[in-house]
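> In case you want the letters, here they are:
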Amino acid sequence: MISRRDFLQVSMAASAMVGASGFGNWARLAAQQSLTQDDLLQFDTYGNVSLIHITDIHAQLKPIYFREPEINLGVGDAYGHVPHITGADFRKLYGIADGSPSAYALTYNDFTALAQTYGRVGGMDRVATVVDAIRADRPDALLLDGGDTWHGSYTCYHTEGQDVVNVMNALKPDAMTFHWEFTLGTDRINELVENLPFAALGQNIFDAEWDEPAELFKPYKFFERGGVNIAVIGQAFPYMPIANPRWMFPEYSFGIRDENMQAMVDEVREMGAECVVVLSHNGFDVDKKMAGRVKGIDVILSGHTHDALPEPVLVGETIVVASGSNGKFVSRVDLDIRDGRMMGFRHKLIPIFSDVIAPKAEITQLIDEQRAPYKDKLEEVIGQTDSLLYRRGNFNGTWDDLICQALIEEREADISMSPGVRWGPSILPGQNITREDIWNVTSMSYGEAYRTEMTGEFIHVILEDVGDNLFNTDPYYQQGGDMVRIGGMGYRIDVSKPQGERISDMTLLKTGEAIDPAKTYQVAGWASVNEGTEGPQIWDVVENYIRRKGTVSVEPHENVKVAGA
Amino acid sequence: MDFTRRETLALGAGAAALTVLPFRVLAAADEAIAAFTGGADVAEGGVELTAPEIAENGNTVPVGVSAPGASAILLLATGNPTPGVAQFNFGPLVASQAASTRIRLAGTQDVVAIAKLADGSFAKASSTVKVTIGGCGG
Numbered sequence: 001m002i003s004r005r006d007f008l009q010v011s012m013a014a015s016a017m018v019g020a021s022g023f024g025n026w027a028r029l030a031a032q033q034s035l036t037q038d039d040l041l042q043f044d045t046y047g048n049v050s051l052i053h054i055t056d057i058h059a060q061l062k063p064i065y066f067r068e069p070e071i072n073l074g075v076g077d078a079y080g081h082v083p084h085i086t087g088a089d090f091r092k093l094y095g096i097a098d099g100s101p102s103a104y105a106l107t108y109n110d111f112t113a114l115a116q117t118y119g120r121v122g123g124m125d126r127v128a129t130v131v132d133a134i135r136a137d138r139p140d141a142l143l144l145d146g147g148d149t150w151h152g153s154y155t156c157y158h159t160e161g162q163d164v165v166n167v168m169n170a171l172k173p174d175a176m177t178f179h180w181e182f183t184l185g186t187d188r189i190n191e192l193v194e195n196l197p198f199a200a201l202g203q204n205i206f207d208a209e210w211d212e213p214a215e216l217f218k219p220y221k222f223f224e225r226g227g228v229n230i231a232v233i234g235q236a237f238p239y240m241p242i243a244n245p246r247w248m249f250p251e252y253s254f255g256i257r258d259e260n261m262q263a264m265v266d267e268v269r270e271m272g273a274e275c276v277v278v279l280s281h282n283g284f285d286v287d288k289k290m291a292g293r294v295k296g297i298d299v300i301l302s303g304h305t306h307d308a309l310p311e312p313v314l315v316g317e318t319i320v321v322a323s324g325s326n327g328k329f330v331s332r333v334d335l336d337i338r339d340g341r342m343m344g345f346r347h348k349l350i351p352i353f354s355d356v357i358a359p360k361a362e363i364t365q366l367i368d369e370q371r372a373p374y375k376d377k378l379e380e381v382i383g384q385t386d387s388l389l390y391r392r393g394n395f396n397g398t399w400d401d402l403i404c405q406a407l408i409e410e411r412e413a414d415i416s417m418s419p420g421v422r423w424g425p426s427i428l429p430g431q432n433i434t435r436e437d438i439w440n441v442t443s444m445s446y447g448e449a450y451r452t453e454m455t456g457e458f459i460h461v462i463l464e465d466v467g468d469n470l471f472n473t474d475p476y477y478q479q480g481g482d483m484v485r486i487g488g489m490g491y492r493i494d495v496s497k498p499q500g501e502r503i504s505d506m507t508l509l510k511t512g513e514a515i516d517p518a519k520t521y522q523v524a525g526w527a528s529v530n531e532g533t534e535g536p537q538i539w540d541v542v543e544n545y546i547r548r549k550g551t552v553s554v555e556p557h558e559n560v561k562v563a564g565a
Numbered sequence: 566m567d568f569t570r571r572e573t574l575a576l577g578a579g580a581a582a583l584t585v586l587p588f589r590v591l592a593a594a595d596e597a598i599a600a601f602t603g604g605a606d607v608a609e610g611g612v613e614l615t616a617p618e619i620a621e622n623g624n625t626v627p628v629g630v631s632a633p634g635a636s637a638i639l640l641l642a643t644g645n646p647t648p649g650v651a652q653f654n655f656g657p658l659v660a661s662q663a664a665s666t667r668i669r670l671a672g673t674q675d676v677v678a679i680a681k682l683a684d685g686s687f688a689k690a691s692s693t694v695k696v697t698i699g700g701c702g703g
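Residue numbers (the working numbering), protein chains in the order written: chain A, 1 to 565; chain B, 566 to 703.
Chain B extracted, bound-state conformation (with noise of 0.2 Å):
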């Protein structure tokens, strides 16, 4: 037997969250992108994403951000219940203002991160980790 019936609901369960979420930004997201940069514009470029295009193991994705003389980035899952993943604030007297962490995904979305650079203007990058599953490789 491949699944238990109680996995095999489970897994389906998770596959159905993942054909309603992808691409979708959350409320959520939108409100700790405006909290983060007061509302100011967010121009594309400045900070790297760093992010596997389809997901190993939705469960533990690494994400990696680095935004040369930012004060802090941003990371938000935008299609996970809870957006805000993590901020990262960088003092004066940092080496590199880059961070790695592992994010739990619920399914396909983007992934996005908001640098707030030394000039006080916002930088951002975003991308897109699918979460499938798998099977049937050549």
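Looking at chain A on its own, in the form it has when it is part of the complex (with noise of 0.2 Å):
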């Protein structure tokens, strides 16, 4: 085996390359206003293998804007290091001027200026140029998609996903791994992956009632690419039945099952595998970690937190990629795999500019003809918004804010919930907010908007339940999504304590009283996993409401004080 400092020299030449030739680039061609689709290309073909990954595209197949996190905290050993590093920090690590395209793509400040510049992001119609372009270099490039797919718009829902999975065939991915495809229901998925023309694969993915692999679910496939054999391991989201509604697919069960996947990799390493690759819907800390205890991973395709990162991360001789998500980037990796090992790597995360990136046009008309039965529907003004609606972060976006005040308007309610979700597109002050727009940030098959009696004690169990989801210094107990958005409703949040011991100083916000434990309030909120809940759905909810109002403002207030980070 290659020692772990060759290994770092070799890996550091990488990097060297990779900073001269692309990333560390855009910021001087923006300055000369010349950024193009070349320069968001170059790059000089490596070694013997192209790798090209995609994750977490929440069926967003036409471009949008996206806003990348404010907030994104690091607990334990992820104290401090990437992904939770965010703004002018993520800047500084990477060397990214200000205002440059790289500072609009990776980072959240002066977004509703910076998207005035450089436009919308993704639409995978650019994305396929983009592979079109890798194959171009390197025809037998593998194209891996990390899962989160079939889930997140007004198409995706009404076809059960069918409009995502045909733009994707004609993009001809090798492989996919999974997690929200499976809200769709034990039946649908089986039968879109019964007639998938690419390896579905998780090593994780088990039959739940005789806990043995599923078996319409592969754990790897073999793939002959540049005179390497190359086994790709799947590994679907680890906590599908506890973060989703387990009802919808009873048959299943999943979890981390790293001494399985040790298994996989002995198994293919045994079988000749000269290049072992994971494609993975862990989460960047889960993976991170599992690459220091699962021996003879050479890399990981990271998916679920929608993390962007221009670099991989390296834990012993195992990279680790992460290529955000909602279609704003595609990731290519090039390898030299000789003799059994990998020798070196070169690694571009390319952003999806759709002003810079030409369409192509077949991708284009297909995404078009999924979408011309909906039209109508999907392109109807609701409202306009004067103030920038976003998500992503792991406390209140704006969209959250504003689904929570619709929650407890329409719902008359003291207190509303919403999902820590990662997902949904961004809306630029003075824009008009369409059905689509409002699907974006809504869209799944359990959407019901409850609403119900809560005591002040159990809002205080769930927050701190969440809390622990996400600030559990052990990766391996987290489930990778933002805490529960909260309207109503205000409290105080120490990250660096135990369960139980995080929240404080709750408040309900109408009158300004501490929340009472033995209290009862009325809570309206949506996506509970559990089965028969009732409701509207939640995008009729945030409809009405918009449609009330004509025009929304969502001023940024902060009900939530984070400490201890």
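Worth flagging that the hints you see were computed from the coordinates, not collected in a lab.
One or more of the hints may lead you astray.
[Unchecked claim] Pulled from the structure, derived: some chain A residues nowhere near chain B, Cβ distances all over 12 Å:
1. E70
2. F206
3. L378
4. G430
5. N559
[As the list claims (entries may be wrong)] Covered by chain A, per the in silico footprint, the following chain B stretches (three or more residues, Cβ under 8 Å):
6. 621-633
7. 651-662
As the structure is a prediction and not an experimental result, all values here were calculated from the model.
For each residue, glycine too, the CB sits at the ideal point set by N, CA and C.
Now that you have both chains on their own, put them together as the hints suggest.
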């Protein structure tokens, strides 16, 4: 095996090459007003294997705006390390100039102004152009989809994922793993997977009844590329039955199962794999921990936590690559595999600037065909916004504040709760809000907006429970979402404390009084994992609210006080 | 409506218990260990315990134990009102000293396996299994 010292030298050299050829250059090019598709795609083909990674598209087929998080706290060993670095600190770490295209793509500051300069991001027709360009350099490059693909839009909901499947199939991926796809329900995901023209992988997808590997999803698949035997092992989101409704896919069980991951790595190595790639939906911190525990993985292509990192993170002899979300980025990773080991790599996180990268006409047409039956519904303007609407961040974004306020007003509640999901594009001030925009931040197969009574004590238990899913110092005990969003109530959270001691100073905002543990409050929320939840769909609640308001303004307010970070 | 009031209360009670129980080894667990080992020292390692980090369903959590050469393995859910789960005894002719079962966990707690090895010594492994009310994935 290659020594750690050699490996570090190789990878540092590779990083230096990346810096010279691609990433660090954006700022200068933009200053010259000359950022081109060729600049974004420029890559000196390296080694003998190319991987193309895209993940967490959340059914965003068209270009969108997507603001990266302002607050993304790391606890324990993750404290102060990527991806738990944002804004100016992030730019400093990677040498990114303020106001540059990379600042716009990777950090949150001045988002509205930069969005007007640099435009929308993503679009699967632009992604197709990038994939084609990489395949022109290296025809047998592997295209790997990290999952959360068949979820998150109006058309995806109404076609039960078929629109995205049709478009992705045209891009010809080689393998995929899964998360939200399972919320289509067992019957539908089985139907889609049975007909997939590429590998559906997950070494941790088990039959719940027998606790044995599920038959439909294979743990790994071998590919021979560039004369190299590559094994791609899938790792689905480990906590689906906990984070999402178990009753929708009771036949399946997941979990991290890193002992089985080690067994699979050993098995493929024994079968002659010279390169082992894990296509993962673990989330970044879980992948980092897994890379340190499972021996023999060369590359982890990491998804779920929506982090976009300009360079891979090295753990032992494994590189961990994070490729963002919502179609905003594609990662290209070139590997030099010789004598059964990874001698070096070259990597580039390619931002999909939709005004710079030309759409592939054939895919644009295919996307428009999927949308055509719903066009009028999608494009109907419901209202306008005066404020930047975004979601991503550990605590409430403005989209969440709007949804929480809609729940309070439309459902006559004291307090509202909205799930801490990380998907959902942003809307700029002055933009119209269409029905499609509302569905982009609410669409799911369990969107019923409930209204129920909860005691102050129970609300505290919920916040502590969700807080521990985010701020437990052991990544294996985290679920990878953000904190549940709260409307009508303020609280203080000390992220450095253990479960049961993080949340304090819970206050009912409308009266300014402390939440009484024994008192009962009317709580409205949505996305319950419980079967039989009743209520109107959240997108209808939000649409009614926006229509009534005409123009929405969401003032930033600080109802959550964060300590211990 | 999400929860009926009754379910909400039941969930509330369960969740409240969950905040009280974590990481508390009941005296009953210590007693069960002492009865099994006869008070002998228990070393770490030599027994493998496989359990999920977060339970998908606290009512039925798959747990596996194995300890090459062991004559018996004691399995305890230290945070349950009754910690004893099972004691697996292996005769001299068994092919492997391994067993798996499903257990019910009252809340987040440590699951502990103690093996009596061939030389009469004892080995221990433990694993924290989190029981959570869930929701809100990325």
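> If any of the earlier hints don't hold here, list their numbers in rising order.
As far as the earlier hints go, 2, 7 are violated by this structure, in ascending order.
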